[in-house]
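**Student:** Those sequence lines, one after another, are chains Y and B. Oh and the first sequence: position 172 is 172 in my numbering, straight run, nothing missing. Oh and the second sequence: position 506 is 1506 in my numbering, straight run, nothing missing.
Everything labelled a hint here was simulated from the structure, so no lab data went into it. Please read all numbers here as calculations on a predicted model, not as lab measurements. A few of these clues could be false.
As the list claims (entries may be wrong) - Sample of chain Y residues facing chain B (criterion: CB under 10 Å; computed from the structure):
(1) Lys145
(2) Asn156
(3) Arg160
(4) Leu234
(5) Gln246
(6) Tyr289
(7) Asp333
(8) Asn377
To be verified - Here are a few chain Y residues that sit away from chain B, every Cβ distance over 10 Å (derived from the structure):
(9) Lys124
(10) Lys267
(11) Leu396
We put the beta carbon where it would ideally sit given N, CA and C, even for glycine.
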Amino acid sequence: MKLTILFLLPLVLYSNECITCHPKKMEQCKNSNHFTMKNEINITRSAWGIKDSNVTLQTLPMPKDTIDKPADLVDDFLRRKCLQCHLTSKEINPTQNLCLACHSPHVNKQDSFKAKPAQEKCLKCHNNNYIGTDYLGLFPHDYDKAYRSPLTKEGNYPKRPYGIDFHHLTPDIHHQKGLNCIDCHKNGNDKKWEDKVDCKSCHSDISKQNHQEYHTNISCNTCHSAWNISNYELNVLRDDTKNYKQWKRLTVQEDKYLEKFLKKALKNPELKPQMPDYLSNKLEDGVWYSGWRFKRWENFFLINDENGKIKIAIPRYQYRISFKNEKGEMIFDDVSQIDGKKLEAFIPTSPHTVIKKAKSCEMCHENKIILDSNLINKDLFQGAILNGSPLLPKQLEKLNSPYYKQQRAKILFSPK
Amino acid sequence: MKFLLLFFYFTLFLYGQNIDNCLNCHQNTTAIDNYHPYKEFGCASCHGGEPKATSKEEAHKNIVLNPSRLEHASMFCGKCHQDIINRVDKSIMNNMHGVLDVLKYQFGETKTIEKSTGIEYLKNKPTQEQSLAEDHFSKLCAACHINQKEEIFKNTGFTARGGGCVDCHRVEDGQKIAIKDDILKLKHPKLSTKIPNSNCLKCHNRSNRIGLSYFGKFESEGYGTPYKDGNLTHQIDTNRYYYELPADIHHTSTKMDCIDCHTEAGVMGDGKHHAHMEDAVDITCKDCHDPQFKPSNQFGLAGLLSTLNGDIPYSKEIAVTKKKNSPIYNLQKEDEKIEFYRKSDGKKFDLTKMSDAPYHSSKNHERLDCTACHSSWIPSCYGCHEVYFKDGKQYDWIKHKPTKGKWMELRSYLRYESPALAIGYNKKIMPTAPGCQVIATIYDKDVKVDEFHAFAFAAWDPHTTQKESRTCIDCHFNPQTLGLGAGILDIKDNNVTFNPHYQSKEDGLPINYPIDALISKEGKQFQSFSRKDARGFNKKEVNKIIEAYKCIICHNKWDDTIYKDFQKSKKLFYDKKTSCSKEVLK
C-alpha cells in the first residue's frame, strides 16, 4: 500500500499543470494500459507461475527476499528488465511529468497541436521486438559483437538508435506515405489510443476482386504485412556473482545500463554485480542477462485470435529461466517448464509492415510451419497459443482444399 | 594379397637385422600400432639419430622427434610410404592453395583462378609485399594445414593442428613419464588408419562447416544458449557457439564416420595438383547407392587397407569410385548381396540402393545433383564485413609470429532454412549459400583509407542429407530456393512478381540488390561464383521452374501421370484437351 502512494506521488506532484485543463484525460490515462501496464505485467507473471495475477505497475509487489522458483523472481525481472519503459521512467521521461512521456508541452489552445505525440516519442519505448520500429522497416540485430555491421561510409560503427543495431527491411507503406503512429492510433471521445485500429475506417473502398467471401475471417494485416519479428526462446539469467568474462562479446543486450556496466566490469572484474530497479530507481544486487535461440523475419504461421480472426502467430513468453545466487549456487537452472507446461507460447500479432500488394496465396496455403511434416526444429513451433487458438481442422483442410487449388490455378494460368 | 603380406613380413625381417641400441634406455616404450613393431624396426629407422651409439648425447645426434612432419617424412616414413608422401605433398590439405587462389580471385586480385603453391608460395614472401588476400590468408586461414606446427596452438583455446602425417593418423597422444633421472618411460603416440572424426574436425569446422553440419551442429549467432550452471553452453571454440539441427542421415542411422565415405585417394590426393577440394574428393553418392563392383585382386591397396583396418573382411568383389577408380574396400559384394562395413569397428550394414522410381529416373530432373533435394539445410552466413588495420599487428600462421596488418570480421546475419539452389561446379543443380560476401574496409591509423566489396555464392554438398527429399513446392515456388532471397513471390496476370524483404541500400550496404539475392526474377545474376561452371538460375530456368509450379499446385506427387511425358501433358493441357484445362483456362 505504501508503495502505491509512492508511485502516485509524482503524478500528484508534477502533473498539476496538465490536470487543470485536462482532468478527464488524466482520469482516462490512469485507466490506460500505458499507465498501469497490467497486460504486460500480468501475462509475464502468469507465464512464470503466479496464478491469477492481477496487479498493475502501481501495485506491483517488491521483489521477494527468499527465492526458490521463477515465480519468486518475476517481479524482480519485471522491475529491472521490462519496466525500464513506463510513463515516469527516468530512462524515457526525465521530466517525471507522466503526460510528457508522450506529449510535448504547450501553453494554450492555439498551440495545442504541439502536444500531439510525435512518432519519436512512441518509438522511445516501442522500438524493439514487438510493434513499433518495424513500422520503419527496422529489425533488431543479433547481440554478438560481430553483428555491429555494416560499417558506415566514414568507417564508423553504425548508429544505434535506442541502443540497438538494426537490419533494414521493407518499411510499412503508411510510413512511406508519411503517416505517423497517431494518424491511425487516434484518441477521440469514443476512442482510446490503445483501441485496435480498424483498417476499414480509412480503406472502406477495398476492391471485391481480391477480397472474396472466403477470406472474410482473416485480419487485413495477415495478408498485407510483409514480414514479422519472430524471436525464439528468450534465455534469461540472474547472476549475483562476478562472472563477467563470458559476456565479453555480448555486452549489447538491448539494455543500455547493462552495456555500460559490462564495459566497466570487464575492465574491473571486482565490480559488484548490480542493476537498477526502474520503479524504485535504486541499484539492487544481481544482474539480468539474456539471449535468444535465434531471430527470424520470414517465419510465421496462422492462428485464430480471440475474435475469431485469422492472424499471424509469433513466438512470445518463450522463457528459459536461471538464477545463480551470490554464493554461486544455482537456485534453478534453465527452467523451461512451469507446472508441467513448456514456456513456449505464440500470440496473434499485427506486424506494422503493411504492404499494398499482399502476400502470395502460397505463403499461407503452403505454409511450411503448418504443413511440412519434415520441418526442421518442429518442436519450436508447438507451443501454447495465448490470446487465441490454433487453426481448427476444418480451417486446415481449407488451406489445401481442391477448391482453393482450383481458384489458385485459375489465377496462375490467367493470361495477361 | 598373400604376396603382399609376405613382402610386408620380409621387410620387417630386413629391419629386424638392424635393431638399434635405443631400447636399452627406452625399454618401456609403448607400441605405435601393430605394423611398426620396435623389435623389428628399432627406433632409428623412424627417428634417426645414432642407433649404435652408447651415450645419450651421441645417440640423440640428428634425432627427429616427429618424423612425420612433411619435411622429414620422405627420409623416414618414405622408406615404405614414399608414394603417399608424394601425393600428400601436392594435396590441397597440405598447401591450402585452393583457399588462397579462390581468395585472391574473389578479392579481385586475379582475373581467373591462378594455380599457386599456396602456403609454400607465401612462406618466403615478405609481409610488406603480400597482397590483401595473401595477408588475409596468412592471418585467418593458414592456421589449418596438415604440416602446421602443432606447438603454436598452446594456450590459444584452439585444438592443435598439423604435425604432418600424425595430424590425421595419430589417435592417441604421446607422453613422457620420467622413471629415473635419465630414463624415460615413453608412451608413444598411437597411429592408425581408423582416423577418428575428431581429427577431421580440427579443421573442417569453418568456412562451409561440413564437419559441424554432418553432426547436426549449426554455428549459431553466438548467444551460447541455453545457459547451464549460469554459463554459456554449446561452445565450438573461443568465440563460436552452435545449436542443434538434424544431423546427416549417414550419422544418425549408422554412425558412419568421415572415413567411411572419404577414400584414401580422395583425402591424401592422387598426385595431381587440384585447384579445388571438389576435384580432389573422390567419393560421390552414387558410388555407394548405385555401386559398381570390381574384383578386389585388381587393387593391391584394398587388401592392404582391409588388413590394416583389421575389422573388415577381405572380399573378392569390392566397389570402386567412378571418378578415380579407387577401391571402396568397405563396400563389398558377396553372393549378390551388397554389404557395407563401418571402418571404425567392422559392423555390417545393409545398404539402400538408389531407387529407379520416376523421381530419380525422370528426365525432368536429370540435372539435379542428389544434394539438391536431399540436403535439408545449409549454413548460410550473410555479409562478411572484413575490417583491415594496416598499422595493426596480428599473428601470421605461416611466418609464425605477429606481423604487420590486422583483420577483424563482422557479419550481417545467419540462416539455415530453405537452401538456395544454383548450378554447381559439376554443372548440376546443387544447394548454395554465400561464400563469401566480402565488404572490406581498410584503415590506416584509425582512418578509413580504402574499401572494396565482392559478393559471391558457393555451391557445396552441405552434408545434411536426409532420406526424405524436399517437397515439390519448396523448390518450384520458394523465392529463397530459387536464389531470389526472402520476400514475396507471386504470379498475377501471367506476370511473376517479387518483393524482397531486405533493403540493402537503407542498410548501408554497397550493393543495389538484396543481400540474400543471388539472382533477380529475370535471372540476372547479382553475385559471382569462383567456379567456372557455377552460376545462379538464368531467365529460362527460373521461368521453367515456376511454370512447372502451376501444375504442381494440384499434381504434387512424383508418380502423377502428367510427369511421365511432361511436355506432352502440357501440350494437351494448353490445347484444352484435359479435364482440368477446361476448368482452369479461361
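**Student:** The structure should be examined with respect to each hint, and the outcome stated for every one.
**Tutor:** Hints, verified against the model:
{"no.": "1", "hint": "Lys145", "in the structure": "8 Å, holds"}
{"no.": "2", "hint": "Asn156", "in the structure": "9 Å, holds"}
{"no.": "3", "hint": "Arg160", "in the structure": "13 Å, violated"}
{"no.": "4", "hint": "Leu234", "in the structure": "9 Å, holds"}
{"no.": "5", "hint": "Gln246", "in the structure": "5 Å, holds"}
{"no.": "6", "hint": "Tyr289", "in the structure": "8 Å, holds"}
{"no.": "7", "hint": "Asp333", "in the structure": "6 Å, holds"}
{"no.": "8", "hint": "Asn377", "in the structure": "7 Å, holds"}
{"no.": "9", "hint": "Lys124", "in the structure": "21 Å, holds"}
{"no.": "10", "hint": "Lys267", "in the structure": "19 Å, holds"}
{"no.": "11", "hint": "Leu396", "in the structure": "16 Å, holds"}
Comparing the model with each numbered hint stated earlier shows that hint 3 is the single one that does not hold.
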